[in-house]
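The listed protein sequences correspond, in order, to chains C and P.
With the numbering used here as the guide, the letters of the first sequence map in order to residues 1 to 204.
With the numbering used here as the guide, the letters of the second sequence map in order to residues 1001 to 1194.
Among these hints, one or two may not hold up.
Claimed, not checked - Derived Cβ-Cβ restraints for the label pairs, each shown as a range:
id	chain 1	residue 1	chain 2	residue 2	range
1	P	A1057	C	V81	23 to 33 Å
2	P	P1185	C	F134	19 to 29 Å
3	C	G93	P	L1065	39 to 49 Å
4	P	L1051	C	G191	41 to 51 Å
5	P	T1137	C	W39	56 to 66 Å
Please keep in mind that the hints were generated in silico from the structure rather than gathered at the bench.
Just so it is clear, CB atoms sit at the ideal spot from N, CA and C, and this is done for glycine as well.
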Amino acid sequence: MNDTNRFLNRALLLLIGLMLLGMGAGIITVFVSPAAARWWSTASASAQSWVDDAIRRTMIGDSTLSWGSVGSLAAIVLLIVLLIIALARLGGGRARSLVRTGGQDSPAGRIIIDTRFVSDALRQSLDHRPEILFSRVSVAHVRREPMLHLSVTPRQNTSPRQIADDVDHLLDNLATLTGAETPSYLSIHTGLRSKLARDQRRIA
Amino acid sequence: MSMSSAFRRVIRRETHSPRTAAMAVAVVLAIVVLAYIGTEIVLSLLSQPGLFVSPTAAGTWLTGLPDQQPAWAIIAPAALLALVGIGFILLALTPGRLPKHRIVRAGRVILVDNAVIASALAQHLSDHTGIARDRVTVGVSRRVVDVTVTPDAGVPVPDARIRDLIVTELDTYQLDGPVKTRVRPPQQRKGASS
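Could you put together the complete structure from these sequences and hints?
In structure tokens form, the structure reads like this:
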């Protein structure tokens, strides 16, 4: 669970996809249809002379540089920077603490419960169970509320109801311990780990 | 039960693909292409020869595009480009639902991979009928549970009983939304006399 901006993901995918499709389809059209080829020849020739003209008109003093080329270079650099920012902003949204009370809320003063404390407590209990192969606990902020996320990978053939019951029980205990019920999200996964692990011995 | 907006958001996000991998591929591709174009522009500004082609030569080549030969050497990459574009567009617009079910519990959000439900159901069936576990195949999708039992030497278990066991067990999982159970007719083993 993270804070990745999914709208941005899809918008960028759509934009880049449309550009690729446009280029590919355009090139094919120019080759297949004589009318499109004629149009392309005149349009691209006039476009090129316009670009040449623009570069000549924007020459900087006596140098060989032109504002036209420098400007397009700057635009390209800006685009690259924006795309790198989009990549760097993927993920994130993990919180370091689960409970954080204001000073007045409690006679003991300000209370902060670290995510690691909760994570250690829950994983200690979970990892004791033979049917659970892997567990991970994190806290994320969803709509400014802390949300506890337990991710569990059980052995194959384990009943999800049993895991849900066990985790329900653990979370109730945690609520007693920390004095507050935190909104929680449990995800039960399968994967290579559960496929490779041996099935538990069963006595029928 | 009314649910908090935080829970609704978690359910929505966790049951749909974020498309992060595809987005990263597309964006890296765009960065590489832009960086290449930028490099060629810089080289031409410095009056150096281009890496592959100078901007002026590229312009001339583009103008003469319809006359380039052989045509397939241009059309094939263009078709590939268009296909990749269509792929990205589909990824951007399709919902990308993940194969998961929600287990309904008050005050908590629980999401289970379909494969976990499938293997648990198969184990349950095996435990209660004596059919060997590896003869039971269960597939779980959003609305349907498919059960296939390969017959073996033992006493055959009637389909109705298989169905009953699966439906009863599935009910205890309290999944959201109705799920239909289908027992597929057992396939005869090759060479077995029927």
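Checked hints:
1. A1057(P) with V81(C): 23 to 33 Å: Given a distance of about 28 Å, which is inside 23 to 33 Å, the answer is holds.
2. P1185(P) with F134(C): 19 to 29 Å: 38 Å, violated
3. G93(C) with L1065(P): 39 to 49 Å: 47 Å, holds
4. L1051(P) with G191(C): 41 to 51 Å: Between L1051(P) and G191(C), where Cβ atoms are some 43 Å apart, the hint holds.
5. T1137(P) with W39(C): 56 to 66 Å: 58 Å, holds
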